[in-house]
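*Asks:* In our numbering, each number is its position in the sequence shown, counted from 1, plus 7.
Fair warning: there could be bad hints in the mix.
As the list claims (entries may be wrong) - Listed below are the simulated DSS-like cross-link pairs for lysine-lysine, each with C-alpha atoms no more than 27 Å apart in a straight line:
# : residue 1 : residue 2
1 : K1216     : K1140
2 : K1055     : K1020
3 : K1140     : K1113
Read the hints as simulated data drawn from the structure, not as lab findings.
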Amino acid sequence: MRNLALISSSTVSFENLDVSATTIDLDENIVYAASEKQSFDGEVDVELWKVGKIGTAGLEGNPELVTLFSTTASSNDVKSRQVVSLTLIAETKRIVVITRGGDITAIQLEVDEPVPDVEGSVEPGILAATWAPDELLLALVTGEGKLILMTSSFEVLSEALIHTTEFGEDAPINVGWGSKQTQFHGSLGKTAAQTPAVTKVGTSADDDGLPRISWRGDGAYFVVSSLSLPSPEGFVQRIVRVYDRQAALQSTSENVPALEHTLAWRPSGNLIVATQRFGFEGGGPGKTERHDVVFFERNGLRHGEFGLSMMDIGGTLKGLESADERKWGYKVKEAAWSCDSNILSLWIEHDAGDVVQLWTVGNYHWYLKQEIAVQMSRAEESRFTSVSWHPEIPSTLILTTSTQVIHRSYVWDTFSSPAPLPFDSGSVAVFDGSSVLLTPFRTQNVPPPMSSFKLSISPNLHQTVSYSPKMPIHASYSRQNDALAILWQTGYLEVWEMHTRLGPGRGKVFDQEKVWSGFVADDDTSLYWRQVALEYVPEASWNITVLGSNLKTDVISTLKQRFELMQRNVRILDDTGEYFQSADGVIYQFAPESEGSLEKLSHFPEFSVLSRAVDVVHDDQVDKVFIGLTKSGRLYATRATYEPITVVSNATSFTAASGFLIYTTTTHEAIFAPLASLNRLVYESLDNALEAVKEAAKDWPTRKVERGSRIVTVVPSTMSLVLQMPRGNLETINPRPLVMEVVKRDLDEGEYRKAFFACRKHRIDLSVIVEHDRARFLSNVRSFVEQVYEVDHLNLFLTNISQSMHSPETTAEVCDAVRQELECIDLIKYVNAILTAFVVKSPPDHEAGLSLLLQLRDSDPTVVEDAVKYIIFLVDANQLFDTALGMYDFSLVLMIAQHAQKDPREYLPFLRELRALEKFYQRFRIDDHLRRYQRALKNLSMADTGRFDEAVDYIEKHQLHEVAIGIWKGTDQYKRILEIYGDWLYDRREFEQAASVFIEARKQQKAMVAYEKALQWQELFMLAVETGMSEEHLEETAYRISEDLVSKRRHPEAAMVLLDYARDVREAVIALVSGNGFSEARRVIALSGKGELLEEVVYPAAFESKGQFTEDVMEMREQLRKQVPRLRELRVKKVEEPDAFYGVEEAGLSNVDVMTDVSMAPTTFTRYTVAASTASRTSKRSSRSKRKLERKAGSGRKGTVDEEDYLIKSVAKMVERFKVMQDEVRKLLPHLLQFTAEHRAEGQGLQDDLERFGQELGDAVEEIWDAAEAVAVQRI
């Protein structure tokens, strides 16, 4: 669906020269040309010219004469040019000129004055010569019919006659199966199989008789086309032979009648091109006008063809007996392939002048995309002398006439309609000769080479003296409608109103009407035009801007005025013709009203072969953003007065529509970049713009596409993107971003039905209808229901809402809103949708749905029957049965059971049993069956009073104590319920809560027991005093609870209990000193006047405490002196021997099989691999084994990887333990110093011991954590 568009053209003219060949210095991209002039003495004067450098604007610079020399003319009677080959050898920087006279002349360029040097000469002359693509081999055919293969230093590798009867090394093997010799021939007998088939194979009258040589792109093979020796019947035929790099014959072509001299091997290697004539003796069978381009495989067999139309070319059959050189009015002179194998050029010599046709293939159809002719005032100057493609730059052509070197560069472009919504037809125009193939992708997707409509355009152009191309060079659609402007190189222009049908129907797809035709410039035949832009203006009808060139500058014509530009090879950016891009990437705004002045707006970093101006709407204003795609695949975006940004560097095609820049990449993705985001990125123009684009691109929608896909067009109305595969077939996709844009627009306009069906068709979650604007949807539910009125569609919508990510509250709100509207409109019609709304709520309201069935049961039994079947389809039948049972309506239960086809033996006995029970006990049994225990208990409480014991058992069975309290509150059984609850709490060891409940139930004795278990001694003794407990019992209770408090290390509280309620000072002092409370103990002794307790209790306890602290210090010192050296050892080992340090493999790697170095497959596992994430995905361990592994990892077993972390954590815990010990020792030391001298000495020793250990611990901590920080820094 793409066309070849001319993006640059330049011409260098000479005077009094006869240019015949060109070559290119690929390192410098400089074009050299050779001219020749044959003198009367049999010599040929050859001049070598440096034409210019190929730049952004085409050929640049002034021609310079490099050297000139004379050589011998060909002795063969040929009318062809004398220069057979002109090639620049890149390795030696020499230009090699091979002439028909046999001389091989080399010219060294890297000298001040290049001098021609004859490297050798072939006496019989040279008829054909071609260098291999790698320039290491030279194949040539001599006048004696010999094939010679030379090296780049002109050493002969092979020399042999071309004419041979051998097929070659790749001769097919025939075992006779299916051959003519093995077939039955009836009455003719076996001799019929031996009779040779007589076919007359001759040559074409247009054949120039010269051989041709062509190399395959990789240089592994070359092909030679030459005339054979005359047959006994006098026929001469052309034969194609394939050779390898050693000039060994590989294969010979099958006999092809009237095969012509043209020859070109496709660089990709699959096809060899030639031409064939038909309709005469010795020619192919067929009409005389038939002329085919035929293809051969490397094995010599034919492989397809396509026809040339003599009518389109403008030929005239003159008869084979005519004396004219061109019997059909034209002949194909040469064929050549572009370096990327995509374009085939045919050089056609016509009676009126030469033309070069450019052919491309798509979906096995060959399209004629361009015709190139020379517009000259004299007929002899309208002939090409050479046609060649650039060896490295695709779609770049170098042509020569006798006095000109022409450079033309093409780009693939798609002529698609840019009409906005709702008038976008998605029309695409494809050139194919004198026809324009049109397809509106909005309504039809016709696979190429077919099309919806073929517009035949063959104007009779006689403006120039020379041959005028009959096919157009460019076309453009109007943005306002589907008007199409078609431009010819000569300046002829046609404007067609297509009247495209936008909707479905049986009418015409196009109702075309030519509204204008004429020439851009009648007075200047030196101009050639290459681009047109069409804009529809209601007041002025049409604005047509045409871009062309003369030999010096570019010209813009608006059909009213003409302006010459300072730049050359500019490009129109938009359909209005207002914006242009120069050859160096600068963007200008064209102002015809200001005498054609150009205002510089912005620039691309390099020339973009495809560019477009796009409107971006934001904040009630419109910004113009320019998008450009270069040949290298860089996609740029810029706007007026701002620096450009690189969107991506591997783009293959792009378009803009629906608020997105859509582009494909070499990674086979279609990416949808919001134009608003691009506009903002250009506006910010940060120094790190590339990183900003990459960060923004992470949020851009993407979609995988077929390999090599390119964008043809986008149709916003149908939310479709049309892609073309490399072979030529089409694929239409509906990307989510395009669908969502249309859905959002429909929702904003209240078109809920369109939005619903768009989401349904393209599998978009229907919840987007709510999510887009929930408040607006809820206020327009009536409109939604009226538009989407089908019950099935409403059910689908409600089901999608329930399965979305909405909160349960939102789902319930939407379902209730829709249900209420449906109930108001028609309860009978929408009963199924209403049931769906009840069921899909979160949580579902099955009872409400069944209640609706009960409501309709008497009024419309038929509807209810269908509705029951429907709700059983939605909800599990057993669940509905239980729900109906929970509504205590046995008729509804039976209805559900019958329609669910449940076995009566399963439910009828149970229902009979229930019917025989009293009302509330019946409901109790039902709720208990449904495991609704709270409701069951409520109903049981309302049954007979004699069932209270059963209720108590039910409470304890299902732990319904709190519910029971609420039910029986204010009744005689309330305290009994509380007591039961308290006992249950006591059994659960929730003593504090149990005591509170017992207090409420007036069970003080149980409350005191609970308080004692909870160690709430204040409440216990308060309650004991209030109940009048005896002194003896009070004292016993005090001793019991003090022991429990001491065991919980609550020594001060134990002492208080002993002092207040047991009156035992000695035991209180013992409790205090046990908890290191020496200050409080001495105060109690002083207050009670029992000083003897100092020596009996306090002094010995002080020694015991000091001894315990000393033991703790010794234990910590011993631990520290073991762990710190081990840490040092581990850290040295980790640095010096990491393999040994990490030697124990992680348990997660246990499934990695160890293989030998020879057989081991590549793996990402190393000794340092952390495989937890992988193992966690595939592990089948139980949670218990995982916890066991975690405990093992934290145990710090010696020699494991976790040992170092374990030792560090152990030292950290020791530090915390030492801090706590210091606080306790501070409480003891003042008393040791105040007691006896022996106590003082022990205290001094304890203080010194603590200080020494503290210093040792501090040094260890500093060593450990400084080293850890150093290791961390080293890792970073």
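*Asks:* Could you grab the alpha-carbon distance between K1216 and K1140 and see if it respects the 27 Å cut-off?
*Replies:* holds (19 Å)
*Asks:* Given the hinted pair K1140 and K1113, is their alpha-carbon gap at most 27 Å?
*Replies:* violated (41 Å)
*Asks:* Quick one, are K1055 and K1020 close enough, alpha carbons at most 27 Å?
*Replies:* Within the cut-off at roughly 13 Å; holds.
This entry does not satisfy hint 3, going by the numbered hints stated previously; all others are met.
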